[in-house]
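Letter by letter, the chains look like this.
4 protein chains.
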Amino acid sequence: MAKDYSYEIEIKVRDYECDAQGIVNNANYQHYFEHARHEFLEHAGCSFGAMREAGIEPVVARIEINYKNSLRGGELFVCKLFMRREGIRFVFYQDIFRKSDGVLCAEAKVTTVCTREGKIIKGDELVEMLGEYISE
Amino acid sequence: MAKDYSYEIEIKVRDYECDAQGIVNNANYQHYFEHARHEFLEHAGCSFGAMREAGIEPVVARIEINYKNSLRGGELFVCKLFMRREGIRFVFYQDIFRKSDGVLCAEAKVTTVCTREGKIIKGDELVEMLGEYISE
Amino acid sequence: MAKDYSYEIEIKVRDYECDAQGIVNNANYQHYFEHARHEFLEHAGCSFGAMREAGIEPVVARIEINYKNSLRGGELFVCKLFMRREGIRFVFYQDIFRKSDGVLCAEAKVTTVCTREGKIIKGDELVEMLGEYISE
Amino acid sequence: MAKDYSYEIEIKVRDYECDAQGIVNNANYQHYFEHARHEFLEHAGCSFGAMREAGIEPVVARIEINYKNSLRGGELFVCKLFMRREGIRFVFYQDIFRKSDGVLCAEAKVTTVCTREGKIIKGDELVEMLGEYISE
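Residue numbers (my numbering), protein chains in the order written: chain A, 97 to 232; chain B, 97 to 232; chain C, 97 to 232; chain D, 97 to 232.
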């Protein structure tokens, strides 16, 4: 069953992101996922900077990543995502597919919350800003 | 209830590991956790290199991280861990505590499996190598 | 006087590449320069992997970087380069310009040599592979 | 002729700092050098944070690194340095030696200047703060 993604970005693996095993180091997928989220938010007219200016500081509370297949230096991949509000949480579902054959390489569930001056808030402002980009 | 850790390592945050928010970037915790696991394995007489030479390639299948409190540049922290065999999985339970006040900053559950020539194996050799270091 | 660049690539700063000062950490420019070199070599039909298969291991012997202006999260920049053979050295001249206003942010001179089994070689094979891409 | 270093720090290579060639990626030496400078400044009672609070923002204007020998995963190395004032510049001379055999792996000359609100200043405050730690 195809997921209903609301954003995708194509990225190319940089050689320095690979480790001695010749594959992308696990932690770098988290960098890819973060970069894709920030690009998505900017695309949705709600840049990370804009949120900060609005006094909203989104923070990652939990991350889960399943590693399925390894990416290698120079390979192209697509990071697809959609985001859902679950109570006070804003949850990103993100998948990374190798472009050459569409194989799923990694899938992540990233749970974020909005904070203001260190306190967790409901983040209604974010819902307004993101509107259609928040999946049911 | 205190967990029964079998290894701990003290690490100091490097300034370049912090992002524009002035705190350690989320992905860098994964680097800390990985480094702690490799140091633990070396300490247990079962270095990453040794395993490779034995034809065993441990791979991370899944990682879960809960982010509790942020670390800042120059802060000292302790990464404590224990490891358990769960079926064919070798699961690392790792916690990061800020040294100055003992506050829990991040906790991870890292699920790994052993592979040989790309195929998942039971990893009995690893059990022999690690012996006492594998918690019940 | 405009330099006669033989390759350029556009890259966008990723937020995690910035440090607590809110600007791209100095070391990351070296990552950008390396990535641009590898992309250039691939573009020139002489990928890093291809060289390795040919038994040629290019290594960086020296790097000089002048930092002129800082890049910030989300900014687009263009890395332009040309390469020259100077004796047994293959020297890359690389400049990074912010895209929005064309300001020079960093300029690098990267001196590399070719090695085979750890010994420095003249690298004539590389000259053949790169041909027109090597500036006089 | 032995240089008159004023500070040294021992660091262990982390596996994720190595690239597909199985050696520490060139850019990571810059991270090591930066970390050593910050540790030195903190040791000298002049932490990076303290300078910022004093309104002084040290910035790297130029870096030169000669790569001599490669470090591998798990290896211990020592980064030794001394610093000299050259006009309005504060120049760090830093060398990295592999601990096991004392072999020189990389040497850097890092030229920094002090700025206040974006303008370059002479940095006399820094001289006062560092005193004996500034070599003639």
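It should be emphasised that the hints constitute simulated quantities derived from the structure, not laboratory data. Take the hints with a grain of salt, since some may be wrong.
[To be verified] DSS-like cross-link-like pairs, simulated, lysine-lysine; straight-line CA separation at most 27 Å: (1) Lys-215/C - Lys-195/D; (2) Lys-195/D - Lys-218/C; (3) Lys-99/A - Lys-164/A.
Note that the structure is a prediction, hence the values are computed from the model and not measured.
### Query
Are Lys-99/A and Lys-164/A close enough, with their CA atoms no more than 27 Å apart?
Judged against 27 Å, a Cα distance of about 17 Å means the pair holds.
#### Entry: Restraint status (C-alpha distance of Lys-215/C to Lys-195/D at most 27 Å)
holds, 24 Å
### Query
Given the proposed pairing of Lys-195/D with Lys-218/C, does the C-alpha separation stay at or below 27 Å?
violated, 32 Å
The earlier numbered hint that this structure contradicts is number 2, and it is the only one.
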